[in-house]
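*Asks:* Generate the whole structure from the sequences, applying the supplied hints.
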Amino acid sequence: MKKMKLFEPIEIGPVKLKNRIVMAPMTRNRAPNEYEAPTEIHAEYYSQRSSAGLILSEGSPVSPGARGYIATAGIYNDAQEEGWKRVNEAVHEKGGHMQVQLWHVGRVSHPYFHDGKKPPAPSAVKAEAMSFTPDGFKPTPEPRAMTLVEIKHTIDDFRKAAARAKSAGFDGAQIHGANGYLIEQFLHSSANRRTDEYGGSIENRARFLFEVIDAVAGEIGEERTSLRLSPSNLFNTNNDPDSKELYEYVIQKLNGYNLSYLELVEAIGDLSEHPHLVPNVTEHFRPIYNGILMTNGGYSREEAIEIVENGTADMVSFARLFLANPDLPERFEANAELNEPDSGTFYGGGAEGYTDYPFLKGAAV
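For our numbering, count along the sequence shown from 1 and bump the result up by 635.
Hints listed in this document are in silico derivations from the structure and should not be mistaken for laboratory results. Here the structure is a predicted model, which is why all the values come from computation and not from measurement. A few of these clues could be false.
[To be verified] EDC-like, lysine to aspartate or glutamate: derived pairs with alpha carbons at most 16 Å apart: (1) K640 x E937; (2) K888 x E846; (3) K753 x E717; (4) K996 x D977; (5) K795 x E717; (6) K888 x D849; (7) K996 x E968; (8) K640 x E941; (9) K640 x E938; (10) K638 x E937; (11) K752 x E777; (12) K640 x E965; (13) K653 x E968; (14) K787 x E846; (15) K795 x E846; (16) K653 x E965; (17) K773 x E763; (18) K787 x D831; (19) K638 x D831; (20) K795 x D877; (21) K729 x E965; (22) K801 x E944.
[Said to hold, decoys possible] Simulated DEER-style distance windows between Cβ atoms: (23) N945 x P910: 25 to 31 Å; (24) K761 x E643: 42 to 48 Å; (25) A714 x E832: 20 to 26 Å; (26) G853 x N945: 33 to 39 Å; (27) G904 x K795: 30 to 36 Å; (28) L783 x S978: 53 to 59 Å; (29) L783 x N712: 23 to 29 Å; (30) G771 x P914: 33 to 39 Å; (31) D905 x F994: 43 to 49 Å; (32) D750 x E675: 29 to 35 Å; (33) G985 x I923: 29 to 35 Å; (34) A714 x D905: 38 to 44 Å; (35) S978 x P914: 22 to 28 Å.
The C-beta atom is built at its ideal place from N, Cα and C for all residues, glycine as well.
*Replies:* This is the structure in structure tokens:
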């Protein structure tokens, strides 16, 4: 009997993955130490999930000013680089592959992370969002518009983070261009009111994204650089009337790169009052993108098998299912029962709800 395509190997650049089941990036807030660096519990957590074709790290801030949530393991200081190196060693020892997700939250932040000052953004436009501080979730304030010098420095922060990721042994880096964070803020006219070369036209609003891609790829190679986008996102953002045209422009232009892959997140939020947004994201943009395409959208086992079999996507990423099932590929292949995730242990804490989910009986840990 022919093996289902979801369980077959695939090559992304120079890396051959054993299957097309990907662990999606998930913020877990398990780095409450002085340097916000990964620890041994991170190494255990990620290595437990090494049966994934590819593991994507939690969003990893590229600088101290990129943060908007406490205890998020970054990639901008020596302790973080060393911590991630130990994580990668543990993952590789079990035959896994891992990319870091490079993250800057922009306006989805709080003065706590900026010495009492306003967080940076393309423009001084407030997000209806929440930042996770030591005092719990707090509403995000009106941000301040970044200067041209700050924009260039931020692009260089992505470059330096990519260089650290390479030193730490990651198999590549995913640029976080989704979920209403800084790159998406530049893309969306509702958040970007600039009148310089980074605002106004679709081409100008996309400039920051492509300069970040160029910077990251310049350090680690295009073939180890990937990107996450959420073209129909209503989380942390107000989407725009020209979103369809915006993302068609961006994704068409991505064909000029030899990226590891492009990940598209399906619609986030209720689109009933947003007829300009694309309801079936991956299906719509698949004909436009020529490279390897990953999709994310709360898929079931059966849905994931179907979307890869019919060629709409080449890989599928899973968040909550991987959180609760460290051996998700084995469970999928055996069509076995799945553990249920405990939402009370998603953010912060220790081993409970992090490294203590059971494997299939008799499976290797």
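*Asks:* For K795 and E717, compute the direct alpha-carbon distance and say whether it is at most 16 Å.
*Replies:* holds (15 Å)
*Asks:* Determine whether the Cβ-Cβ distance between K761 and E643 falls within the hinted range of 42 to 48 Å.
*Replies:* Distance hint for K761, E643 holds at roughly 46 Å.
*Asks:* K996 and E968: Cα distance at most 16 Å?
*Replies:* holds (15 Å)
*Asks:* Would you mind confirming whether the straight-line C-alpha gap from K795 to D877 stays at or under 16 Å?
*Replies:* Roughly 33 Å between the alpha carbons, so the hint for K795 and D877 is violated.
*Asks:* Is 23 to 29 Å right for how far apart the beta carbons of L783 and N712 are?
*Replies:* Because 26 Å falls inside the window, the suggested range holds.
*Asks:* For the pair supplied as a hint, K653 and E968, confirm whether the alpha-carbon distance does not exceed 16 Å.
*Replies:* holds (13 Å)
*Asks:* Are the Cα positions of K653 and E965 separated by 16 Å at most?
*Replies:* Cα-Cα ~12 Å, so holds.
*Asks:* Against the range 33 to 39 Å, how does the distance between the Cβ atoms of G771 and P914 compare: consistent or not?
*Replies:* holds (34 Å)
*Asks:* Are the Cα positions of K640 and E938 separated by 16 Å at most?
*Replies:* holds (13 Å)
*Asks:* Checking one constraint from the list: CA of K729 to CA of E965, max 16 Å. Satisfied?
*Replies:* holds (15 Å)
*Asks:* Holds or violated: are the alpha carbons of K787 and D831 at most 16 Å from each other?
*Replies:* holds (14 Å)
*Asks:* Does 38 to 44 Å hold as the CB distance between A714 and D905, or does it fail?
*Replies:* holds (42 Å)
Violation of the numbered hints given earlier is confined to hints 3, 4, 19, 20, 22, 25, 28, 31, 33; the remaining hints are satisfied by the structure.
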